[in-house]
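Residue numbers (this note's numbering), protein chains in the order written: chain G, 46 to 159; chain V, 176 to 290.
I should point out that these hints are in silico values taken from the structure, not numbers from a laboratory. It should be emphasised that the depicted structure is a prediction, and the values quoted were computed from it without experimental measurement. Just to be clear, a hint being listed does not mean it is correct.
As the list claims (entries may be wrong) - Below, computed lysine-lysine pairings styled on BS3-like, alpha-carbon distance capped at 27 Å:
1) V/LYS244 - V/LYS233
2) G/LYS102 - V/LYS224
3) V/LYS224 - V/LYS244
4) G/LYS102 - V/LYS217
5) V/LYS233 - V/LYS217
6) V/LYS224 - V/LYS243
Stated by the list, open to error - Label-pair ranges, simulated between beta-carbon atoms:
7) G/GLY48 - V/PRO254: 27 to 33 Å
8) G/ASP71 - V/THR180: 33 to 39 Å
9) G/ARG73 - V/ALA228: 24 to 30 Å
10) V/PRO254 - G/GLY61: 51 to 57 Å
Backbone N, C-alpha and C fix where the C-beta goes; we use that ideal spot for every residue, glycine too.
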Amino acid sequence: IAGITQAPTSQILAAGRRMTLRCTQDMRHNAMYWYRQDLGLGLRLIHYSNTAGTTGKGEVPDGYSVSRANTDDFPLTLASAVPSQTSVYFCASSDSGLAGNEQFFGPGTRLTVL
Amino acid sequence: AQSVTQLDSHVSVSEGTPVLLRCNYSSSYSPSLFWYVQHPNKGLQLLLKYTSAATLVKGINGFEAEFKKSETSFHLTKPSAHMSDAAEYFCVVSPFSGGYNKLIFGAGTRLAVHP
Numbered sequence: 046i047a048g049i050t051q052a053p054t055s056q057i058l059a060a061g062r063r064m065t066l067r068c069t070q071d072m073r074h075n076a077m078y079w080y081r082q083d084l085g086l087g088l089r090l091i092h093y094s095n096t097a098g099t100t101g102k103g104e105v106p107d108g109y110s111v112s113r114a115n116t117d118d119f120p121l122t123l124a125s126a127v128p129s130q131t132s133v134y135f136c137a138s139s140d141s142g143l144a145g146n147e148q149f150f151g152p153g154t155r156l157t158v159l
Numbered sequence: 176a177q178s179v180t181q182l183d184s185h186v187s188v189s190e191g192t193p194v195l196l197r198c199n200y201s202s203s204y205s206p207s208l209f210w211y212v213q214h215p216n217k218g219l220q221l222l223l224k225y226t227s228a229a230t231l232v233k234g235i236n237g238f239e240a241e242f243k244k245s246e247t248s249f250h251l252t253k254p255s256a257h258m259s260d261a262a263e264y265f266c267v268v269s270p271f272s273g274g275y276n277k278l279i280f281g282a283g284t285r286l287a288v289h290p
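Throw the hints in and build the complete structure from the sequences for me.
The structure is reproduced here in structure tokens:
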């Protein structure tokens, strides 16, 4: 079934550790996104990529980095995790990076930083 | 600046009664507007999308929304609630943006459906 997969499903992490959240899509979408979801705040964009080889900063990029080596994969790295990064992380993709395109979401990764 | 306000954080209805989830937006341009639904411990699924065609938009599972520019509203409705409609609903605006396909999310409305 076409869509977006994320790994791991959940993770408990000690503060200061490095962590990479994985995201893969098989829809050949050009654009991909990482969001975090916190209670009462909806989803906030961390980083985006309009096409392979390019990335950009979203609303809350500090403490996170991304790479886009190919069309399908868009990993999110926390270089040194802090408790405020405890959240549910969603990867999404859209056919293009133009405004108004529907974004398709993965199932999410629940991350707890202690 | 663009923003989205969902007027109710929680809505509770009885099965078989109408659903109304309210959303107001602020945008300098004519935006695209979406409603997404999130069932517990799941990702987000698109319910419907407005992109400056018909102002009444029909979506999946019997939901629809009406774009009212004069009121800057995009309320979500359904004539008859089902138990399976219990979920969190997000109103989303996609303003014209030079950099990327930007989505601005409301804080969400949790819909409870009682037997």
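Pairwise beta carbon distance, G/ASP71 to V/THR180, judged against the given window 33 to 39 Å = Given range 33 to 39 Å: holds, Cβ gap about 36 Å.
Hinted pair V/LYS244 and V/LYS233, Cα distance within 27 Å = 17 Å, holds
When you check the alpha-carbon spacing of V/LYS224 and V/LYS244, does it fall within 27 Å?
-> 15 Å, holds
Please work out if G/LYS102 and V/LYS224 have their alpha carbons no farther apart than 27 Å.
-> OK: G/LYS102 and V/LYS224 at ~25 Å, within 27 Å.
Given pair status - V/LYS243, V/LYS224, alpha carbons within 27 Å = Judged against 27 Å, a Cα distance of about 14 Å means the pair holds.
Given the range 51 to 57 Å, decide if the beta-carbon distance of V/PRO254 to G/GLY61 lies inside it.
-> 53 Å, holds
That 27 to 33 Å hint for G/GLY48 and V/PRO254 (C-beta), does it hold up?
-> 30 Å, holds
Confirm or reject the claim that G/ARG73 and V/ALA228 have a C-beta distance inside 24 to 30 Å.
-> 26 Å, holds
Does the alpha-carbon distance linking G/LYS102 and V/LYS217 stay inside the 27 Å limit?
-> Holds, because 25 Å separates the two Cα atoms, which is no more than 27 Å.
Starting from V/LYS233, check that the Cα of V/LYS217 is at most 27 Å away, please.
-> 23 Å, holds
Violated hints for the displayed structure: none, as all numbered hints are satisfied.
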